[in-house]
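Protein chains: 2
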Amino acid sequence: MWNHTKITDKLSIKIPIIQAGMAGGITTPELVAAVSNAGGLGMIGAGYMTPEKLESDIQKIKELTSKPFGVNLFVPEHPAVIQEEIERANQLLEPIRQMLGIEKKNDVPQINTSVFDEQIQIVLKYEVPVCSFTFGIPQREIIHQLKNNGIVTIGTATTVKEAILNEEAGMDMIVVQGSDAGGHRGSFAGSFDDSMIGTMALIPQVADHVSIPIIAAGGIMDGRGVLASLVLGAQAVQMGTAFLTCIESGANELHKEAILNGTEEQAVITSAFSGKPARGLKNEFIIKMKEHEDALPAYPIQNMLTQDIRSEAAKQKNKEWMSLWCGQNPRLSKNLHAAELIETIINQIEEIISNFPLIKG
Amino acid sequence: MWNHTKITDKLSIKIPIIQAGMAGGITTPELVAAVSNAGGLGMIGAGYMTPEKLESDIQKIKELTSKPFGVNLFVPEHPAVIQEEIERANQLLEPIRQMLGIEKKNDVPQINTSVFDEQIQIVLKYEVPVCSFTFGIPQREIIHQLKNNGIVTIGTATTVKEAILNEEAGMDMIVVQGSDAGGHRGSFAGSFDDSMIGTMALIPQVADHVSIPIIAAGGIMDGRGVLASLVLGAQAVQMGTAFLTCIESGANELHKEAILNGTEEQAVITSAFSGKPARGLKNEFIIKMKEHEDALPAYPIQNMLTQDIRSEAAKQKNKEWMSLWCGQNPRLSKNLHAAELIETIINQIEEIISNFPLIKG
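Those protein sequences? They're chains A and B, same order as listed. What the first sequence shows, in my numbering, is residues 1 to 361, in sequence order. What the second sequence shows, in my numbering, is residues 1 to 361, in sequence order.
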């Protein structure tokens with residue numbers, strides 16, 4: 001069967017489809033549970049979550065499904081806090097804050113590095129079956145602790161080099177993120193510009209250089225993309241944008257609508273929201289900040305600085321100042337229940353297999 | 001059979017593989033004929049060819065094969081010749097010329113627009129079976145004239161919009177070039193930045209919006225890429241980099257070696273060589289010109305200005321000042337005869353089909 005792979009075996013799931021752990025309230029317990037109940041792997045996007053919220057989400061998901069699910073965590077980064085950079089960024093952001101009626105905010109952002117360790121403890125406490133990582137590789141002790149507790153570990157790579165680093169660190173499997181992907185780039189061991197490798201080109205090259213199973217990500221939205229990924233050498237896929245527009249997703253309705261009506265040319269790369277390159281639908285914020293991108297504070301500082309703007313814009317239903325993360329094929333997006341989306345994909349794959357001349361040999 | 005598609009029918013070829021019409025002496029008559037004799041479609045990269053050279057190549061190919069082959073032409077562009085821009089570019093290029101011992105050259109480049117019409121006349125005269133176009137859509141009269149003479153016309157698109165424009169213009173089929181591709185971007189109806197869509201994301205979106213058959217291009221190097229492209233909705237693939245390193249290819253040996261030893265992170269986008277974005281392996285020229293790219297003359301003016309540097313560097317076997325066009329998966333490149341490459345791909349596909357769980361149902 002096409003849906004029986006090394007990854008479905010290892011994760012004890014029926015369909016080699018993982019719902020990306022998108023951060024920022026998108027991965028509701030309902031979405032995660034729906035994906036897992038449909039035979040895929042639902043994933044909590046715990047990147048920006050407080051430990052309390054993560055704990056309560058895990059509890060809710062356990063009530064909604066007995067199937068495996070995962071948690072995605074962001075490996076913490078510790079950029080230098082440069083007051084001048086922050087002031088310059090705030091100067092650029094101030095007119096936008098004024099326009100939205102936000103009170104002036106000039107606090108120096110505080111990076112709380114203990115959150116990650118607390119998140120890990122919660123994953124261990126609740127024996128969450130799968131833990132994936134973005135923005136780097138955690139310390140080996142953490143990887144070993146998780147594995148010793150029977151938790152499957154998944155790293156993220158955007159180049160062959162990053163994939164090899166993940167394998168060497170002991171990760172069980174790896175998400176290989178092509179440049180087609182929406183949201184933040186997972187790059188951590190090279191220049192961002194040089195890590196923009198298309199999914200089509202990247203998957204087979206990584207497959208030739210690592211022995212741990214590969215999860216293809218970036219530009220995969222339907223049965224064609226899933227099947228093509230398996231042909232290219234992946235053992236599963238991870239889909240973000242496709243699940244973001246699902247009914248159970250907690251994404252803002254404006255965000256969903258923008259994707260459902262979007263085109264591939266609108267999904268551009270910007271560092272302006274967070275200080276780290278990410279793909280989202282072009283809007284006023286991206287256009288206005290474009291020329292200043294290189295001088296903005298690093299992630300996660302810039303992310304903290306724009307937080308008030310993004311959340312106020314969402315409240316005011318003004319999508320021009322929100323981050324509208326989206327991969328390169330919004331034209332394939334649908335507004336379905338997650339289970340319907342997975343069923344549609346399965347049917348599409350079965351149809352390709354039964355109709356495609358290649359299968360008839 | 002997997003290799004029986006709408007495109008193999010229409011082109012009367014046995015394998016849905018087209019060798020890209022790479023310009024600049026790469027597509028020797030031997031390469032073109034070898035690809036066609038092996039069951040694919042060889043293609044003359046006539047972009048920068050004089051009518052005389054095109055005519056003699058066609059004659060040689062007809063001696064080497066009775067199978068169909070094609071010619072790729074560049075639709076001419078007529079940018080304003082801005083003397084200031086040219087002088088600024090020459091100032092940047094002068095130290096490189098001096099270093100290579102090239103005599104100062106300050107002629108205003110002349111764009112010869114009659115070449116394209118002469119090339120079309122030769123295609124008609126020799127009844128070349130296939131004519132493909134890059135950098136735009138030729139006038140409708142040309143498309144109709146070719147089609148009325150039984151010549152199959154192929155356009156190039158990098159977005160859904162460009163694909164639709166090609167279909168509306170009457171093209172028989174269309175090369176859909178993802179951002180994974182090497183060499184020049186074929187974009188012509190939008191901003192270059194917004195036309196960098198990964199092959200994985202682009203093919204299915206185009207397939208949903210046009211009814212003419214699609215030839216996938218960008219990041220396809222082996223059986224995995226060919227089969228994945230067919231699954232995504234293409235009826236054939238076009239491969240450039242994979243054929244560039246073949247034994248029959250006329251590419252400079254330094255260029256071949258650079259690809260054979262290259263990595264995916266080295267294949268970057270630059271406008272510095274030609275005034276138009278293209279993907280090639282990073283070298284001194286690309287690095288030095290990076291900060292000036294936006295101020296350079298448009299294609300083809302900048303291309304003419306760097307001509308002496310590129311050819312002198314090749315003579316001196318100095319790859320740092322040559323254009324080393326390359327797609328995003330040099331790690332998959334091989335130095336084989338074209339027929340061996342095609343046979344390897346066929347065997348790989350047959351192996352995937354016979355071993356892949358999906359096929360065993």
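What the hints contain is simulated information worked out from the structure, not anything from laboratory work. As the structure is a prediction and not an experimental result, all values here were calculated from the model. Warning: the hint list may mix true and false statements.
Repeated chains share a single entry, so a pair holds when one copy, or any two copies, can fit it.
[Said to hold, decoys possible] Result set (DSS-like, lysine-lysine): computed pairs, CA atoms no more than 27 angstroms apart in a straight line:
no. : residue 1 : residue 2
1   : Lys161    : Lys256
2   : Lys317    : Lys14
3   : Lys290    : Lys276
4   : Lys319    : Lys161
5   : Lys147    : Lys334
6   : Lys319    : Lys104
7   : Lys319    : Lys147
8   : Lys288    : Lys161
9   : Lys147    : Lys62
10  : Lys60     : Lys288
11  : Lys161    : Lys290
Checked hints:
In this homomeric assembly, Lys161 and Lys256 come within 27 angstroms of each other (Cα to Cα) only across copies, at 22 angstroms, whereas the closest approach inside a single copy is 34 angstroms. When the C-alpha separation of Lys317 and Lys14 is checked against a cutoff of 27 angstroms, the pair qualifies neither within a copy, at 39 angstroms, nor between copies, at 55 angstroms. Taking the shortest alpha-carbon separations for Lys290 and Lys276, both the intra-copy value of 13 angstroms and the inter-copy value of 21 angstroms come in at or below 27 angstroms. Taking the closest pair of Cα atoms, Lys319 and Lys161 come within 27 angstroms of each other only across two copies (24 angstroms); inside a single copy the shortest separation is 37 angstroms, beyond that limit.
When the C-alpha separation of Lys147 and Lys334 is checked against a cutoff of 27 angstroms, the pair qualifies neither within a copy, at 36 angstroms, nor between copies, at 39 angstroms. Taking identical chains as interchangeable, the C-alpha atoms of Lys319 and Lys104 lie at most 27 angstroms apart only when both belong to the same chain, with a minimum of 21 angstroms there against 54 angstroms between chains. Taking identical chains as interchangeable, the C-alpha atoms of Lys319 and Lys147 are never at most 27 angstroms apart, the minima being 41 angstroms within one chain and 47 angstroms between chains. Only between protomers do Lys288 and Lys161 lie at most 27 angstroms apart by alpha-carbon distance; the minimum there is 25 angstroms, versus 34 angstroms within a single protomer.
Taking the shortest alpha-carbon separations for Lys147 and Lys62, only the intra-copy value of 21 angstroms comes in at or below 27 angstroms, while the best inter-copy value is 63 angstroms. Taking the shortest Cα distances, Lys60 and Lys288 never come within 27 angstroms of each other, neither inside one copy (40 angstroms) nor across copies (56 angstroms). In this assembly of identical chains, Lys161 and Lys290 lie within 27 angstroms of each other by CA distance solely across copies; the values are 24 angstroms between and 29 angstroms within a copy.
Violated hints, listed in ascending order, are 2, 5, 7 and 10; each of the other numbered hints is respected by the structure.
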